[in-house]
Amino acid sequence: AQTVTQSQPEMSVQEAETVTLSCTYDTSESDYYLFWYKQPPSRQMILVIRQEAYKQQNATENRFSVNFQKAAKSFSLKISDSQLGDAAMYFCAYDEIQGAQKLVFGQGTRLTINP
Amino acid sequence: KAGVTQTPRYLIKTRGQQVTLSCSPISGHRSVSWYQQTPGQGLQFLFEYFSETQRNKGNFPGRFSGRQFSNSRSEMNVSTLELGDSALYLCASSLLSGSTEAFFGQGTRLTVV
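Just so you know, the sequences run in chain order E and S.
Be aware that the first sequence starts at 943, since it is given in this note's numbering, and climbs by one per residue.
Be aware that the second sequence starts at 974, since it is given in this note's numbering, and climbs by one per residue.
This is chain E alone, in the form it adopts within the complex (with noise of 0.2 Å):
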């Protein structure tokens, strides 16, 4: 079964700084898809990036990247310019190309933003 590990509970960074979360995963399967998402105290689920396992290039959206090592099976998300509003679970999360969906979820870094 696949697994995916979030080793850091909680990170705190200064607003404008630049942090990277950290998540590992297992999978026998050659493709597949990663994602990050972030969890404000809404509590609603908001896509932050995906990476398709496939694709060599690493992920961007705006002031967030990822550096995906498929051999190392790791997917760290970096954060630039870190503002008040990133503050929030973050949740890294697999899931195979075929057949249903069916997210594999990481245990979540807690992000706090120092002003």
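Source of the hints: derived by calculation from the structure; they are not laboratory data.
Check each hint, because a few of them may be wrong.
To be verified - To give a feel for the contact side, a few chain S residues facing chain E, derived at Cβ under 7 Å:
no.	residue
1	1004
2	1006
3	1011
4	1015
5	1016
6	1021
7	1029
8	1079
Since this is a predicted model, take the numbers as computed values, not measurements.
Beta carbons: idealized from backbone N, C-alpha and C, even for Gly.
Keeping the supplied structure of chain E fixed, place chain S upon it in accordance with the hints.
Positioned in the frame of chain E, the structure of chain S alone reads:
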């Protein structure tokens, strides 16, 4: 375009009762999946429905069931509630089954007393 709507937002039930939660997906989306979020177990997949058919089911007891209607709206039911069923239940919709992007609702907070 309206997002994913879950009702009710909050629910308090007594142990042994049953409960039904509702999820209306984004218009045009045919896949609805359900997740349970607890502090101890984190986010766990319950099941996914596509075109009124359950496509996948997580590792939950038979007390947890669901269905999907022809308009893609979905309900999940938990019978014989236990204290451990207290959780945030999240629904996600996507255009197609196995689609790459899932849009989540704000969840239903269920408390079992």
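Here is what the structure says about each hint:
no.	hint	result
1	1004	holds (6 Å)
2	1006	holds (5 Å)
3	1011	violated (11 Å)
4	1015	holds (5 Å)
5	1016	holds (4 Å)
6	1021	holds (5 Å)
7	1029	holds (4 Å)
8	1079	holds (5 Å)
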